[in-house]
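Asker: Below are the chains, spelled out letter by letter.
There are 4 protein chains.
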Amino acid sequence: MQSDITGRLLICCPDRPGIVAGVSQFLYTCGANILDASQHSTDPKEGVFFMRMEFHLENAGITSEQLEKQFQEKVAGPLHMDWHINYTFHRKRMAVMVSRYDHCLMELLWRWRSGELPVDIPLVISNHEELRELTEDFGIPFHYLPVTAATKAEKEQEAIRLIQEAKADFTVLARYMQILSPAFVGVFPGKIINIHHSFLPAFAGANPYKNAYTRGVKLIGATAHYVTNDLDEGPIIDQDVARVSHRHDVSDLVALGRDIERQVLTRAVVAHVEDRIIIHGNKTIVF
Amino acid sequence: MQSDITGRLLICCPDRPGIVAGVSQFLYTCGANILDASQHSTDPKEGVFFMRMEFHLENAGITSEQLEKQFQEKVAGPLHMDWHINYTFHRKRMAVMVSRYDHCLMELLWRWRSGELPVDIPLVISNHEELRELTEDFGIPFHYLPVTAATKAEKEQEAIRLIQEAKADFTVLARYMQILSPAFVGVFPGKIINIHHSFLPAFAGANPYKNAYTRGVKLIGATAHYVTNDLDEGPIIDQDVARVSHRHDVSDLVALGRDIERQVLTRAVVAHVEDRIIIHGNKTIVF
Amino acid sequence: MQSDITGRLLICCPDRPGIVAGVSQFLYTCGANILDASQHSTDPKEGVFFMRMEFHLENAGITSEQLEKQFQEKVAGPLHMDWHINYTFHRKRMAVMVSRYDHCLMELLWRWRSGELPVDIPLVISNHEELRELTEDFGIPFHYLPVTAATKAEKEQEAIRLIQEAKADFTVLARYMQILSPAFVGVFPGKIINIHHSFLPAFAGANPYKNAYTRGVKLIGATAHYVTNDLDEGPIIDQDVARVSHRHDVSDLVALGRDIERQVLTRAVVAHVEDRIIIHGNKTIVF
Amino acid sequence: MQSDITGRLLICCPDRPGIVAGVSQFLYTCGANILDASQHSTDPKEGVFFMRMEFHLENAGITSEQLEKQFQEKVAGPLHMDWHINYTFHRKRMAVMVSRYDHCLMELLWRWRSGELPVDIPLVISNHEELRELTEDFGIPFHYLPVTAATKAEKEQEAIRLIQEAKADFTVLARYMQILSPAFVGVFPGKIINIHHSFLPAFAGANPYKNAYTRGVKLIGATAHYVTNDLDEGPIIDQDVARVSHRHDVSDLVALGRDIERQVLTRAVVAHVEDRIIIHGNKTIVF
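Chains as they are written, first to last, in UniProt numbering: chain A, 1 to 287; chain B, 1 to 287; chain C, 1 to 287; chain D, 1 to 287.
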């Protein structure tokens, strides 16, 4: 029996009166103190209710398994809830896939080392060798899986195996420049976060900075999103932009973009790690 | 008995387990559906709990008076709550005090007319005549109360009388260039919103744009805050900034500042009108 | 002979050494003091040079006509320049076309009255009657030109006639909800500014806020651009964004968008009025 | 004789007609092509003119020494200019002083390694040992100069000696938590850049995040400035802010602040390295 548990309950269910009362009453009865709560309802026509509750179970005579079993029986079942609870005693395990650009990987490793990103990083996978030393300097295993048209399917299977063996909870594509096949994406639904180097849906696909330059936009951006089988079309987690002008050529946009990519990806990963995100259809609720 | 009530409950009380459960259970029992809920706890040492709940009371066999009486007895009393409920059927009444600058007044009136600011505006008070026509064009009574050192106390009393007779719920100082005396401020605690034309606490007092220019800052700002008897020291509601450079002289800063003032004041007034703000000591919780 | 002339010279020419020297030497010889200068060169491969010089001609024994004639002969001709000079003694005349939404029109009229927008506004044209009173309250003639599929060509010709008779230098589409035909656009190349209610190229076309909501973006934007015959594809002048979340429904996006539209359109119009923009291909240089 | 020189000329002189013409004509005669030019004049009363010109001297039969000598004789002397030219063939040498926080140092080293910060870093000086390994991992000498009240004067002299022996062109205080004495500052006027962890002039001095928390501000900031003997009062180079709320405690502000500090310090250092800054009195012109 854990003696000091902080849990984060995420709920999605049909909207009706009494949900907050039911959940909070249940947690109170279990001896849990609600530390933070957020809720959201979609428009009455759709009528879907979302909630995140962070609670603290102090010296309670109840295990997390018992709590979950009772919650399903007494609250979640009757209210037709889609739900799960993550506990902070389970430190999430994050796999990273990367190609040649180091800035996103570096930002993640740095924040991990400084304690800002409370995860374990069991492995980094890359289709290039360039970032091996950087990764290993942080004491993290680096796996080189070169991809060609001929080997792609095989290497993806190997990546799946590595990620699963490492018991990674989710995977971050930190500028991984290969399109993942449905065979890969389907194994990890809602568990792959990508950083796209444009303000989606503008400039989806390849070469967004070049296309932004050609179009003459006055802001460039970056988008963190969950990966689905529709390229660059998955649920958006976070976005940001920076101001540019005629003075910036493509290489300037790339350099400015690096800073935005780092920040947006970091914010998205932190939100995921703190269980702040509910995916609903092709959109996210980020509490 | 009202048949369709939306209420906003604001709570401040000592933190302890069971508050959310108690409140939400009570509302559920009353037939109220919780539309939105936010909560915040200060650090464990201070241990203060804040909550805002927006709820809808549909066809309930209970009046707002009954609901409040029962809430005090069953929940608020036992939990030592400082609380109140505002109802959307009571449209807040906003007094405005202004001097010669028109931009903040104009922004408020415009948003009021467009429906973005759901208030009634029973009167505008000014120590100058310049903005009479603008105000009256919107069909709002304009009161000219010129202030001199000799008449200040008397004119403030007249302003108090006008505001009270108009049954104004709160007063906005939309660039009112007189310092209000404790005799005035004391009558309306937590009910006067001021827009200060700097990023407080930088450049408190007079001439902030000139002082910002002299100091050579690279950002200028504006601050909306509740008025207390400590000049420019009251609880801050909202702030924002704009980038400036050596190219901007004082008059440019004034012009740029107008836009920030308009936006920050609007956001603060909307938050106040939607009962999103709890004042705690000299700080605000803005849900 | 004008005794006090401020001019703004805009230049586009093949890049080569000596351009700044040649132009500044010429202006100096004419008795002109350079108040501000900006320049830009495209990449060496394209090799195009752009410059804006603001100068002051004080008590000079030379008229603007003489200055321009000599400039063409001595500098612009030999250097193959595309150039023109605008003078501040010629206050630009701005036509406005609008439909039912008032916020962009209101912002322009307000800044015009406050002196922030140094233009004359000889007329407002609308395909609806709604904004007549607002416009006429500012003392500006309002022309109602209702458009149907059958009358569109005819009404556009009437609009052209009205704009030309009013000697308008440029036209602002302040949320004018009709697509202008090539017959109209071709008469005013580089002289029509539109505000599009999205962060182009995302969500071009109709209903951008609805599409932004559906896609679940975390930022919405607005774009001011010159109108060409490619819908929403003309040279971008300015853009900006605001942060949104799952809490904002389509009507919230529309409301937030109004503020961005107002700001972006204002900045674009001011840049145009101050002769800060050079159109080059489908892009702008904004000095 | 260098065969391919890019120079950056910075000028400050009394404003009068003919400066741009004189300088650009001189450069043209020397065979220099002007790549970029910016200018600024203070208000007519003060009448000071500032200019930055970036030029390229291609295969010219003139050395930089000859060019400077002639410039002084023909242009700068007659026009009473305060000026200097930096050349890109002289890569600036940057000393860094740091205490225990690693984020600003890390950002500088990272951008240096990625090539975004075109400097040499001959040494890092610290009053603590913590960041030795981080620094030496980048191959940069680390000097530990512990400071006590008794040893401060002596250690400062040693730091001066190290910086001078390393031929550092400027010094960055990347969260160096000691106040430098006039004896130190006086040796390097306009050559020390500090990052202060607040939006100056708000929260000057120690513990700005704690003071920001206590005051309840809704934005926190960071300020990069040149160091003078007036603590936190030197000429500001750049500033930025981030939005905070009641949810952020002091440690959250510190974490958020780290990101702003990194960005603001980087921008300031890049501007300094690219010779974009002129210090004028207690303000900066940043071209």
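It is possible that part of the hints are untrue.
Identical copies carry no separate label here, and so any pair may be met within one copy or between two of them.
Straight-line alpha carbon distances no greater than 20 Å define the calculated EDC-like cross-link-like pairs of lysine to aspartate or glutamate that follow [as the list claims (entries may be wrong)]: (1) Lys-283 <-> Asp-120; (2) Lys-210 <-> Asp-169; (3) Lys-210 <-> Asp-275; (4) Lys-283 <-> Asp-249; (5) Lys-283 <-> Asp-252; (6) Lys-191 <-> Glu-68; (7) Lys-74 <-> Asp-120; (8) Lys-45 <-> Asp-259; (9) Lys-210 <-> Asp-15; (10) Lys-167 <-> Glu-156; (11) Lys-69 <-> Asp-137; (12) Lys-152 <-> Asp-137; (13) Lys-283 <-> Asp-259; (14) Lys-210 <-> Asp-43; (15) Lys-69 <-> Glu-165; (16) Lys-191 <-> Glu-46; (17) Lys-45 <-> Asp-275; (18) Lys-152 <-> Glu-116; (19) Lys-45 <-> Glu-274; (20) Lys-45 <-> Asp-4; (21) Lys-152 <-> Glu-58.
Please keep in mind that the hints were generated in silico from the structure rather than gathered at the bench. Given the structure is predicted, the values throughout are model-derived calculations rather than measurements.
Asker: Decide, hint by hint, whether the structure agrees.
Answerer: Do the hints match the structure? See the list:
1. Lys-283 <-> Asp-120: Answer is neither; intra-copy 27 Å and inter-copy 37 Å both fail.
2. Lys-210 <-> Asp-169: neither (34 Å within a copy, 34 Å between copies)
3. Lys-210 <-> Asp-275: Neither way: Lys-210 and Asp-275 sit 35 Å apart in one copy and 28 Å across, limit 20 Å.
4. Lys-283 <-> Asp-249: Answer is between: at 13 Å across copies they meet the 20 Å cutoff, but 33 Å inside does not.
5. Lys-283 <-> Asp-252: For Lys-283 and Asp-252, only the inter-copy Cα distance (17 Å) is at most 20 Å; the intra-copy one is 31 Å.
6. Lys-191 <-> Glu-68: Neither, since 22 Å and 46 Å both go past 20 Å.
7. Lys-74 <-> Asp-120: Close neither inside one copy (34 Å) nor across copies (47 Å); limit 20 Å.
8. Lys-45 <-> Asp-259: Neither way: Lys-45 and Asp-259 sit 40 Å apart in one copy and 28 Å across, limit 20 Å.
9. Lys-210 <-> Asp-15: neither (45 Å within a copy, 23 Å between copies)
10. Lys-167 <-> Glu-156: within (16 Å within a copy, 52 Å between copies)
11. Lys-69 <-> Asp-137: For Lys-69 and Asp-137, neither the intra-copy (43 Å) nor the inter-copy (51 Å) Cα distance is at most 20 Å.
12. Lys-152 <-> Asp-137: neither (28 Å within a copy, 36 Å between copies)
13. Lys-283 <-> Asp-259: neither (25 Å within a copy, 25 Å between copies)
14. Lys-210 <-> Asp-43: Cα proximity of Lys-210 and Asp-43: across copies only (14 Å, versus 39 Å in one copy).
15. Lys-69 <-> Glu-165: Neither way: Lys-69 and Glu-165 sit 28 Å apart in one copy and 60 Å across, limit 20 Å.
16. Lys-191 <-> Glu-46: neither (26 Å within a copy, 39 Å between copies)
17. Lys-45 <-> Asp-275: neither (27 Å within a copy, 26 Å between copies)
18. Lys-152 <-> Glu-116: neither (34 Å within a copy, 34 Å between copies)
19. Lys-45 <-> Glu-274: Answer is neither; intra-copy 30 Å and inter-copy 24 Å both fail.
20. Lys-45 <-> Asp-4: between (41 Å within a copy, 19 Å between copies)
21. Lys-152 <-> Glu-58: This pair counts as neither: shortest intra-copy Cα distance 49 Å, inter-copy 50 Å.
Checked against the numbered hints above, the structure violates hints 1, 2, 3, 6, 7, 8, 9, 11, 12, 13, 15, 16, 17, 18, 19 and 21; every other hint is satisfied.
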